[in-house]
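Each chain is listed here by its residues.
Number of protein chains: 2
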Amino acid sequence: MADPALDGLVEALRCLPGVGQKSAQRMAYHLLQHDRAGALKLARALDGAVNEIGHCARCHTFSRAELCDLCADSTRDARLLCVVETPADQAALERTGSYKGQYFVLLGRLSPLDGLGARDIGLSALLTRASDGVVEEVILATNFNAEGEATAHVLGEQLKARGLKVTRLARGVPVGSELEYVDLGTIAHAFMDRR
Amino acid sequence: MADPALDGLVEALRCLPGVGQKSAQRMAYHLLQHDRAGALKLARALDGAVNEIGHCARCHTFSRAELCDLCADSTRDARLLCVVETPADQAALERTGSYKGQYFVLLGRLSPLDGLGARDIGLSALLTRASDGVVEEVILATNFNAEGEATAHVLGEQLKARGLKVTRLARGVPVGSELEYVDLGTIAHAFMDRR
Ligand SMILES: [Zn+2]
Ligand SMILES: [Zn+2]
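Chains A and B are the protein sequences, given in the same order. Per our numbering, the first sequence starts with residue 739, numbered consecutively. Per our numbering, the second sequence starts with residue 739, numbered consecutively.
The set of hints was computed from the structure by calculation and includes no laboratory data. Each hint should be verified, as a subset may be incorrect.
Stated by the list, open to error - One side only, chain B facing chain A, incomplete, derived with CB under 10 Å:
#1 K760
#2 K779
#3 V788
#4 S915
Think of the CB as a built atom: it goes at the ideal place given N, C-alpha and C, for glycine as much as any other residue.
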C-alpha cells in the first residue's frame, strides 16, 4: 500500500548505524511531514561528502587533498607517529597543543563483535607508514575502553615486531572514557607520561 | 581542522529525529569509511521521496497522486471515516480486512512536549473532511498510549461539536501498545466492539 519512494527512503535510512526499521520509518515520516528542506539539505551533504572527501595518502584520515593539512605540514616532527581512532580524537589531541608529531588515523578500532578486524582499521597501511625509516616512536592513543585497549595491544605487538619503539598515552586519561570528552590538561599530562 | 563537507554532513544528519551531535558524527564517519554506496543511495532516496511524494488531498496521507489509491477507491464506504496517526497504522488496520470505510491520516499526534499541536496534525483539515455531509461516523484509531488517547479526546470533542457520531476502537487493543504491532485478530475484534 505504501509508495515505493517512501519504502525506498525507509530502506535507505537503514544504512545509518543504529537505525532499524522502526526508527527509519519514524525518520522518513518526520522528514516528509515536517522537514523537507532538511531532507534535501541532507541529500546534498551526502553527495558532497562522498564526492569530495577521500583519504589522506599518509595518515588515512578524511581529506579532499592527496595529503591532509597536517601531513603536508613540514614543521611537524616526522619521528613521532601518534595513532588515533577517529578525526575527532585527533582534533582533541591537537587542541592540547602538547604534541608536535604526525598522526595515523585508524577510522575505527578492532571490534570483533561488529566484524571489524585488522583490515578495517588499515593495519597494513599503518605498518607501512610506520616503517618509513624516519618514524622512531609510535604513540598509541586509541581510546581507553575495552576495544581501544585491545586495538592498542594488537597494534603494539605488530609494531614492536618491526623494531619500532611503541608507547601508550599514560593512564592519566580516566579509564572507560572517550578522548574527545577528556579535559585538555589531563590529555597534556598523559602525553608527558606516555609509557 | 575538519573538512567543511564533513562538518556539513554531520550538521545535516542532525535533522533526523533523535540524532544528536555525537550520533551524527558516528554516522558520518561510518558512511564515509564503510558505506559510500549506501550514502549515495540515501541521497537519491531523499531526493526521490521529497520530489515525488506529496499529500493526498482527501486523507492527508503521503501520496504521489492528487488522491491516494484508497481515497480513489469508490467501493469504500464513504459514511465511515477512520482516523489514524500514521500510514503504518493504516496499513495495520487494512491487513485485518475488517474495515471497508475511508481514512484520515494525521501523520502525527498531539504532543505538547514535542511542540506538536492541533495545527501539526491537520485538525482543521480533518474537521473539513468529516463535515462533507456524507461521513456519518468517525472512528478514532489513534494509538492507545497517553498521547494517542489525548489526541483522540481532543479530536472527539471537536467532531462531536459538529454533530458527528464519534467512536473509538474498543479496548481489545492492549493499553500502552502501538497498533502496528498488535495481532490482526485483536484489531478485528476492536473494530466490532468500537464504542
Ligand atoms: Zn594525513
Ligand atoms: Zn487519501
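Hints, one by one, checked against the model:
Among the interface hints, the one on K760 (chain B) holds; its C-beta lies about 8 Å from the nearest C-beta in chain A, closer than the 10 Å criterion. A hinted interface residue such as K779 (chain B) counts as satisfied when its beta carbon comes closer than 10 Å to some beta carbon of chain A; here the least separation is about 5 Å, so the hint holds. The beta carbon of V788 (chain B) comes within 5 Å of a beta carbon in chain A, closer than 10 Å, and the hint placing it at the interface holds. Below 10 Å, beta-carbon pairs count as interface contacts, and S915 (chain B) has none with chain A, the closest being about 13 Å; its hint is therefore violated.
In summary, the structure is inconsistent with hint 4 from the numbered list given earlier, while agreeing with all the others.
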